[in-house]
Amino acid sequence: MASKNPLELLGKNVLIIANHVGEAIKLFVQSVQYALIPPLEINNIMKQMVEIGIKSLSVISLSALFTGMVFAFQIGYVSTLWLGSPSFLGLGTTLAILKEMGPVISGLILSGRVGAQITAELGTMRVTEQIDALYTLGTNPVKYLYVPRMVACMISVPLLAIYADVIGTFGGFLIALQKFNIPPPVYWDEIVNMIKMDAVWHGLIKDVFFGLIIVIVSCYKGLTCRGGAEGVGKATTSAVVVSMLLILASDFLLTTFLMMIGIGTG
Amino acid sequence: MIKIRGLYKSFGNNKVLNGINLDVNEGETLTIIGGSGEGKTILLKTMIDLVTPDSGVVEIDGVDITKLKEKERAAVQSKFGMLFQASALFDSMTVGQNVAFGLRHLTNQSEKEINKTVLKNLRMVGLEGIENLKPEELSGGMKKRVSLARAIARDPKYILYDEPSTGLDPITADVINDLIINLQKELKITSIAVTHDMVSAYKISNRIAMLYDGKIEEIGTPDEIKNSKNPVVRQFIMGSSKGPIKR
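Chains G and B, in that order, are what the protein sequence lines are. First residue of the first sequence: 1, per our numbering; consecutive thereafter. First residue of the second sequence: 1, per our numbering; consecutive thereafter.
Some clues are possibly wrong.
[Unchecked claim] Covered stretches of chain B (in silico footprint by chain G; criterion: 3 or more residues with CB under 8 Å from a CB of chain G, positions within the stretch not fixed):
#, segment
1, 72-82
2, 85-93
[Unchecked claim] FRET-style restraints, in silico, Cβ to Cβ:
#, chain 1, residue 1, chain 2, residue 2, range
3, G, Lys47, B, Phe11, 34 to 40 Å
4, B, Asn21, G, Lys12, 35 to 41 Å
5, G, Leu7, B, Ser139, 52 to 58 Å
[Claimed, not checked] Sample of chain G residues at the chain B side, in silico, Cβ under 7 Å:
#, residue
6, Thr128
7, Glu129
8, Ala133
9, Gly138
10, Thr139
To be clear, the hints were calculated from the coordinates, so they are not data collected in a lab. Yeah, the Cβ is synthetic: ideal placement off N, Cα and C, and Gly gets one too.
With the rest of the complex left out, here is chain B (with noise of 0.2 Å):
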């Protein structure tokens, strides 16, 4: 489980996260809303220590992530999976290899093994035979599902989500909406995504919180949150321009 309390944080004089308090319990998949700007992928990068807030605390498991030393913070580290914005795959190395990569790291797995659980995952996402391609030679959507085949490869505990279908057509967006829901599904992961395609936080979601202005404006189920009567989520998820969040 992951709990957050009184999350801060500062870029100069930007409050970005303003006394954020969340928690996303173990197997459920939590959306986090809001528009460009308001701090999400900030939040997200602090669960995994990414990002340091400047006070708060963040529980992974009930062990608070900001105040490990950097061996212990790697441990915990360790449980996570992310899925970046724009992928983050390594370009110097093939598909096979940035699959391949955490196992290498992080596992005693011998070659053969990891070659295994390399295809096993690549098969997961639909993408089997292009683990010799570069990822310069991939789609963005296909890009996407690599990485997220890279981060489920060792099994991770809980899986982040940066804007998983954010460039993508809606076809290749609802592939990938199929793909986290299957993941949680079949492999019982704790999934935190951040978006503001309200299509797929329908979606994917068990949970929806909506962050403005630095903190949680409401949070509840996808239906409620369609329903919900306050006047900044009703805005939001409108995509209206007139309301109280200004741009």
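With the rest of the complex left out, here is chain G (with noise of 0.2 Å):
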């Protein structure tokens, strides 16, 4: 019988979302054990950074440009606005890029577009026995599927996230040239003289951060998917759902704790 006590039921609950969290952390422990046991999958590391990597260019180059796009839009007529030039353009954008819109906005493109994929494809697989019979021919599907998943994310997301950078960049740079009519070796050059390797640090570090994010969640939610058709969605969905919030909150998270031990303050 369903507990009508309001306090019990967020007892239960926090249970329920303690257990996950364990059960998915000793999952991606037991995939680093593996992924130090030799031999790694390389076709299979290799297939999936194509899955991960290559396929996302695209989403992520048209996401990209057009964040660097408003970020330098935004900014430039607010400084026009309030200061009477658009000052610091390329500083502001860039900073902005590289610190929080780069690593968030292709971490939250990456958790629906690669995040959904993995764990729609790891479900079908448990809820058509196929992770089952992995088993039966003498194959760990941590170590076949979670392990070249979690290396080609890790590879994947930070490589994404700086060509990210780079196409944000380039999308402030446009609007500063028509736009604003700033000259190209202005907004460079405030760019090369004024933005430290730090921010750069800080950036890439979220970015390692939100591509484990996204395995952990995807790959449990996958191998622990159960109820057919109908489960394998709600996964997928929970999943993405799941590490959107979980990179909002860790940029949150993160980011004061970088900013504590002076990375990315300059």
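If you follow the hints, you should be able to join the two separate chains into one complex; please do so.
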């Protein structure tokens, strides 16, 4: 019988969430252990890098380009309004892209594109007994399925985010040139001279964490999926929503932490 | 030999296996019959530790698989081949890659030897020349046969059949039955099948065990089961809605 006491309900839900978190971390630790045991499934890793990395290029390009353009437009407009000229447009746009928009936008987009794909694929394998079949064929599913996706995500997500940074900055440049008539040397010199390397590290550290979040959540949701086609649908939706929320929440925590230890303060 | 003693498995409040005791002898085909949801597949999967029981012993050749660490468990699992209810072919791979999968991961055979084994096993199940097709291009019966070819590719000691004839027309189902019988005769494989198809059960089995209410209700040769006086067994094999089994 369902409990009607709100505190009891809250407690039960906290326990359920804690159980999921524990199981997901356990699975991740297992996959790290398997990743350290040779041989690595190199072909499988390459295949996943194509799926996760190469096939995400177009969506990352478009989203980064438009994000950079919007940022440049907003910064240029506000600084023209208050300061009389579009000051620090290159600096502001690039800093925002490197430290926040690049990692977060690419993280959110990849949790939708890559996370959904991983969960749906593994979930379908689970409900059609293909995961069980792997065991009977002497293959551990964590090593065969999780590890290649984890390695591919850990390499591809930061690379995609760096790519998004470059495209976003270029988007900002287009607006600086076309809308605010800022000469190219002014835009690029501002970026080269004023942005410090630790702003890049700030973004890269976040990229790695966001890649981890996507792979941990999507693989866990896929490998523990139950209940046929409906179950796969629910697991996929849940993986995307949970990944997105965790990316946004951890962005705040990571930003606070990184600023506290002096990475990205310049 | 497989020896199961005092096997219990529950999902929440639902007691699926409620003290199973069962022996499977070397070289025989034992079929477990029972209604839908009685836990036949769960029982089958506990034998290979795809489902971990709450308590009890599952001895494979004298080793309790439930107490093994992962590496040792994988060694015991490698003695088994399994035909899954929905075939469970890897849909991202071709038929040939599916059949070769276990050989590539569990043996040191060269690609040439693997290809030879793949062709031999596909021939054995009557499906030569389809190695480059994808599972989505196959009919249900062909998928089952490819799954069988994959299961026997590594010469397993035991084969588990989960509903081998379900979803197939009677003639295709009989082709699968003949394959199961031939495999037992030619390869001397010990087979455990679960089904609710009595035509198939009578044809392929040396012994039949009826699973009811989480326990083995009766076990015997096909003739003994056919002539059973047990009202539960009688109702099930006659396919009657009247009797002690309620739905």
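Hints the structure fails to honour: Every hint satisfied by this model.
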